[in-house]
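Let the sequences and hints guide you as you build the complete structure.
There are 2 protein chains.
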Amino acid sequence: MAEWDEQLVDERIEQRRRRRPRFTDDRITLAHGAGGKATRALVEGLIVPRLSNDWVAALDDAAVLGELEGRVSFTTDTFVVTPIRFPGGSIGELAVNGTVNDLAVSGARPVALSLGLVLEEGLTRDELEQEIDAIAGAVEAAKVRVACGDTKVVERTKADRLYVNTSGIGIVDERADLGSHRIVPGDQVIVSGTIGDHGIAVMLARGELELAADVLSDTRPLWPVAEALLTSCGPGLRCMRDATRGGVATVANELVMTQDVGIIIEETALPVLPAVNGACELLGLDPLYVANEGKLVAIVGPDVALEAVAALRATEAGRDAAVIGEVVDEPAGRVLGRTAFGGHRMIDLLVGDPLPRIC
Amino acid sequence: MAEWDEQLVDERIEQRRRRRPRFTDDRITLAHGAGGKATRALVEGLIVPRLSNDWVAALDDAAVLGELEGRVSFTTDTFVVTPIRFPGGSIGELAVNGTVNDLAVSGARPVALSLGLVLEEGLTRDELEQEIDAIAGAVEAAKVRVACGDTKVVERTKADRLYVNTSGIGIVDERADLGSHRIVPGDQVIVSGTIGDHGIAVMLARGELELAADVLSDTRPLWPVAEALLTSCGPGLRCMRDATRGGVATVANELVMTQDVGIIIEETALPVLPAVNGACELLGLDPLYVANEGKLVAIVGPDVALEAVAALRATEAGRDAAVIGEVVDEPAGRVLGRTAFGGHRMIDLLVGDPLPRIC
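Protein chains in written order, with the working numbering: chain F, 117 to 475; chain Z, 117 to 475.
For the record, the hints were derived by calculation from the structure and aren't laboratory data.
A pair counts as met if it fits within one copy or between any two copies, since identical chains are not told apart.
List time: in silico EDC-like cross-link candidates among lysine to aspartate or glutamate, alpha-carbon distance up to 16 Å: (1) LYS153 / GLU370; (2) LYS259 / ASP170; (3) LYS153 / ASP141; (4) LYS153 / ASP464; (5) LYS259 / GLU343; (6) LYS274 / GLU236; (7) LYS274 / GLU237.
Next comes the structure, spelled out in structure tokens:
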């Protein structure tokens, strides 16, 4: 897709390699953010070799991606999760998958990412290396590339280890005709797998709770899941959302907010791992509001709902997919839950924050 | 360029407007980062109305920009400047212009920006409104649009008021054939205006120095300057760099580092404002290393250098443009300064950081 002189790029990479500085410090200092020799050692000695590709190795002010055929999708996300490592993942993986998934639910195949790092003075080399490696692994798994980057350093107590921004460019799949405006009553609400895993994994990793449970973050790239829906549903796929901050309940509320429809969620149909359910009960949380980092919500026409679930279950990330609800006429603008006893409860947007800094 | 259903977008904006929540809090709290009602009030009540355009108002996970004709350029930059406001600008303006300028020096007309905010708990509504307004103003001046955004909140002492990441997409001008590999001995080094203004303005704004001087940051969009060079130089324009962190000295060093050439800078030819010169002398700084936020360095063929300077001086941002040096065979990989007395001094990369968190 990108058109450049491959030989020229090879030569430039080779030139860089010959003169590559080494990063020999044990901790990040303010000097690493100054733009001089220390910055060069950090960027070219530690970061670039781990993310090596033609775009990153060129190290210009901007990366020229070449011509992109098709409609371009663009998104951004900053990650401030604490702690930076947790069972099932870390901030680096989250930063790649989060942005890849924003593209995927817009119907776009992810192509290129940017990487903006804010490092706290005192961050250890080990911590940073682990995260750059996590980013490299996630980038490879998601079949995307880091095209450009930026690194800043702030004084101790002016950040929390590191914050990571990723922005992403994708190409919208030709079959995608997505948007909440396409939702109509009768449409089915599908979730691609178990809900609440990520939020609970991070909460438990904080160690503030007298609670041990084996819950792993679900952080993963969702393009294969989105593609399965595009293939199986055709125009019956109305829209997709990744259910991150605020969980499935927040996604459902955002969908009904601009449309004259409501959503009824069948609470007994929600896929929730027993360990997540148990932790939620102890913490007084509702899994519907807990963040996911590898689950999407799809609204599909009633005639393609079964095919959609079957297609999702055939993917690795979608094997617990389920229909969890339906779009209704009334009450418009509202999300209701139908409980195990047949009653209804209001599922509103939350005001406060039960789980701060979860992503 | 972007192809979407204008009527549909209008309807969606109208729907949003009818139901737009109001942001009524005096300060940012953790709840504003949680993804629920408070986040919606912040994003839709305060941020989006100030940045209003079709892309932002849609508020989907990703913005579909439509088809982009030509080669796409992609860049990212995070801003952590302190203080967030300083004479001549503020972090919001800097964040827009910095990314616009990375695109401009890659030969690309800026098209769309992303906006990633990290807000510190306790940030006042006034501070945030001022910065969103600054972003809106800079976006308009640079003729670009904010296409997508993300907002996170961290606890007090986990950031410093606010950090801003912007990533940018641009379309490479058809006339641009740029890269440091095109530099050859005999080429001329041009700077588009006075150097060191931004760094000194921010230093003085910190108020730690017993020094009063009227120095304004030079933050501004450089696409008109880049375009003047593309038009006036043709293929004689070898490459451009914006001289931000580390100043002109760092840019010159980066250029010679991968090529088998050196650069001689005529120190008497450097355009420096008297107030900047005076402040630098008192602070023991060399203006060559001080950050600019509205100046680019261009390398051009000797036959087009005069036309280039004339074209720059015809632009508002380039009226103090000057030839400041020459590309030489020897010493390869080195930047030398020729002083007023005819002697030479080495202009190396700095190791430490005389001016931390300047951008």
